[in-house]
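S.K.: Those protein sequences? They're chains A and B, same order as listed.
For the first sequence, numbering that gives the first Met the number 0 assigns the number 0 to the initial residue and increments by one for each residue that follows.
For the second sequence, numbering that gives the first Met the number 0 assigns the number 0 to the initial residue and increments by one for each residue that follows.
Hints are supplied without guarantee of correctness; some may be wrong.
Heads up, the list lumps identical chains together, so a pair's fine if it works in one copy or across two of them.
With a cut-off of at most 20 Å between alpha-carbon atoms, the simulated DMTMM-like pairs for lysine to aspartate or glutamate come out as follows [what the hints assert, rightly or not]:
#, residue 1, residue 2
1, Lys15, Asp238
2, Lys15, Asp100
3, Lys171, Glu182
4, Lys154, Asp253
Just so you know, the hints here were simulated from the structure itself, not pulled from any lab data.
2 protein chains.
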Amino acid sequence: MRGRCSRPRMMSQNQKSIGVFDSGLGGLTVLREIHRQLPGENLIYFGDTARVPYGNKSSATIIRYSREIVRFLLARDVKAIVVACNTASSYALDAIRDMTDIPVLGVIDPAVRSLTHKAKAGSVAGLIATKGTISSGAYEKALKGNHGSQQLISKACPLLVPLIEEGYAESKAAELILRDYLEPLAAAGTEYLLLGCTHYPLIAITILRLYPQFKLIDSAEETAIELRTLLSDRGLMRDAQAASVELFVSDMTDSMRALQQLFFQSNVDKFEVAQVGDDH
Amino acid sequence: MRGRCSRPRMMSQNQKSIGVFDSGLGGLTVLREIHRQLPGENLIYFGDTARVPYGNKSSATIIRYSREIVRFLLARDVKAIVVACNTASSYALDAIRDMTDIPVLGVIDPAVRSLTHKAKAGSVAGLIATKGTISSGAYEKALKGNHGSQQLISKACPLLVPLIEEGYAESKAAELILRDYLEPLAAAGTEYLLLGCTHYPLIAITILRLYPQFKLIDSAEETAIELRTLLSDRGLMRDAQAASVELFVSDMTDSMRALQQLFFQSNVDKFEVAQVGDDH
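The task is simple: from the sequences and hints, build the whole structure.
M.R.: Set out below in C-alpha cells:
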C-alpha cells in the first residue's frame with residue numbers, strides 16, 4: 000500500500016461504504032439487518048421513491064432505473080452493492096454486474112440458499128412476493144441454480160405492501176386477504192415460506208398467527224449473513240465501533256419519514272433527496 | 000378563416016382531438032365518461048404508468064411530470080386538455096395553463112361546482128381521495144373559489160386504489176376498510192360524498208351498500224358535462240358519428256391491459272407505449 004503523503008485521497012478498500020438500494024423504503028428492512036449484523040460498516044442507501052413501485056414496471060424500465068442508481072452509488076466509491084429489492088434482484092443483477100467489479104448481492108439467492116439448506120429434499124415450499132417478482136420466475140431460477148429439489152408454490156400478494164404501509168398489517172382486513180393468498184399454500188403442505196418482498200417481515204406476525212405451522216425465511220436476514228461472510232472472506236470488513244448510515248431518496252414527502260421509522264426503526268445520520276438518471 | 004389551398008395542413012379547430020391524461024390508468028373512468036357523453040370526439044389519452052402513482056410524490060415532481068405529458072399532447076395539436084388525475088389537478092393546473100391558450104380542465108372544479116349546486120348551504124359534505132389530493136387542500140380551495148358554504152370533511156383512503164385494482168372492491172376486506180375510512184364521515188352527518196379519485200366510481204356500489212344515505216358525486220361524470228358545455232359554447236364540438244380513442248402509456252405490462260378493460264370497459268383504436276420527458 001502506498002504512503003499517505005503520495006496518495007492522500009486513497010482510502011483502503013475495507014474502509015469504504017456499502018451501497019444498498021431499493022425501489023422505495025421497504026429495502027430499509029434489509030439495511031436494518033445489515034446494520035445489526037455489521038455495526039462497524041458505513042452504509043449508503045438509495046430509495047427510488049419518485050418512481051416506486053418497480054413491481055408493476057417492465058423489465059427494461061427496471062434495468063434502466065437500477066443502472067442509474069448504481070452509477071450514483073459507484074460515484075460514492077462503495078466497496079459492495081446490495082440490491083435490497085426483489086424486483087430489481089429479479090431483473091437487473093446481470094446488468095449491474097456488467098458495470099462494476101465490486102461484489103453485488105441480490106436478496107433472492109441468499110434466501111433460496113437458506114431454503115435449500117433447511118428444507119427437506121422434495122418438500123413443498125411457499126413463496127410470496129409482488130407480481131413482478133413472481134412473474135420473473137427468479138426464485139425458481141435461483142432454486143435450480145442452487146441445485147435445490149424443493150417444489151416452489153408461488154403466490155403474488157400485491158395488497159400486502161399497501162396494507163403494511165398503511166398500518167393495517169395486524170388488522171382483520173389483512174387477515175382476510177392473507178387467508179385468500181395463503182390458503183392454497185397451506186393446503187399444499189407448505190412448511191417453509193419465503194418472504195419474497197422486503198416489506199413482508201412487518202406482516203410476519205399476522206402470517207404466523209393464521210398459519211403457525213409455517214417456518215418463515217426472511218431475505219433481509221439471509222442477505223446480511225451472506226454479506227458478512229463475503230466481506231470477511233475477502234478481508235473487506237471494516238472493524239470499527241461506530242459507523243454512519245446515510246439515506247438518499249429521489250423524492251421526499253412527510254409519509255416517507257414515517258416509513259423510514261417503520262422500516263429502519265432507528266435514527267440515521269442523513270436522510271435527504273438526491274437525483275439519479277438522465278432526467279435531472 | 001383561410002382557404003384550404005393556401006394552408007393545406009391547417010385543421011379546423013373543432014376537428015382536433017381532446018387530450019386527456021392521468022398518472023396511470025384510473026383516469027380512463029374520466030375518458031370513458033367523455034366518450035359516452037361526446038361520442039363524436041377523437042380522444043388521445045396518456046397514462047404515466049412508468050411513474051404511477053403521483054399521490055405520494057412531491058408537488059415539484061408532480062408539476063414536472065405533468066408538464067412533460069402536456070408537451071406530448073400539445074405536439075399532437077389537441078384542442079383541449081383534461082387533467083383526469085386528482086393529484087395533478089391539485090398541483091399542476093396553473094403550470095399547465097401557463098404553457099398553452101387552449102382550454103385546460105381539471106377534475107376537481109367540476110365536482111365541487113356540482114356539490115355547490117346540489118347540497119344545501121352549510122350542510123356537511125364528505126370528500127374521499129388519496130393522501131396527496133387531501134393534503135393539497137385543493138377541494139377546500141375550489142369550494143371557496145366557487146363560493147360554496149358547505150363544510151367539507153375529508154378522509155384520505157390510500158388502500159382503495161390497490162383494493163380496486165386487485166379486484167377486491169366488493170370484498171369483505173374492502174367493507175372493513177371502508178367502514179374504517181367512512182364511519183367518521185357518516186357520524187358527522189354527510190349527505191353528499193365527493194369521490195375525489197378517478198378509481199372510486201368502481202367501489203361506489205360497496206360504499207352505497209354500507210352507507211345507503213350517501214349521495215355520491217362522481218368527478219368523471221361532472222367533468223365530462225363541463226367539457227361538453229365548454230366545447231359547445233366555444234363552437235369546438237366535433238359533430239361526427241364515429242371517433243377514435245387512442246391510449247398511450249409510459250410503460251406497458253400485462254396487468255395494464257386488464258386495467259384498461261376494468262376502467263374503460265370497451266375497446267380502443269390504439270394502446271401503445273410512448274415516452275415523455277427529458278429522460279428518454
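S.K.: Decide, hint by hint, whether the structure agrees.
M.R.: Here's how the hints hold up against the structure:
1. When the C-alpha separation of lysine 15 and aspartate 238 is checked against a cutoff of 20 Å, the pair qualifies only within one copy, where the shortest distance is 11 Å, while the shortest distance between copies is 68 Å.
2. Within a single copy, lysine 15 and aspartate 100 get their C-alpha atoms as close as 15 Å, which meets the 20 Å cut-off; across copies the closest is 54 Å, which misses it.
3. Taking the closest pair of Cα atoms, lysine 171 and glutamate 182 come within 20 Å of each other both inside a single copy (16 Å) and across two copies (17 Å).
4. In this assembly of identical chains, lysine 154 and aspartate 253 lie within 20 Å of each other by CA distance solely across copies; the values are 17 Å between and 32 Å within a copy.
When the structure is compared with the earlier hints, no violation turns up for any of them.
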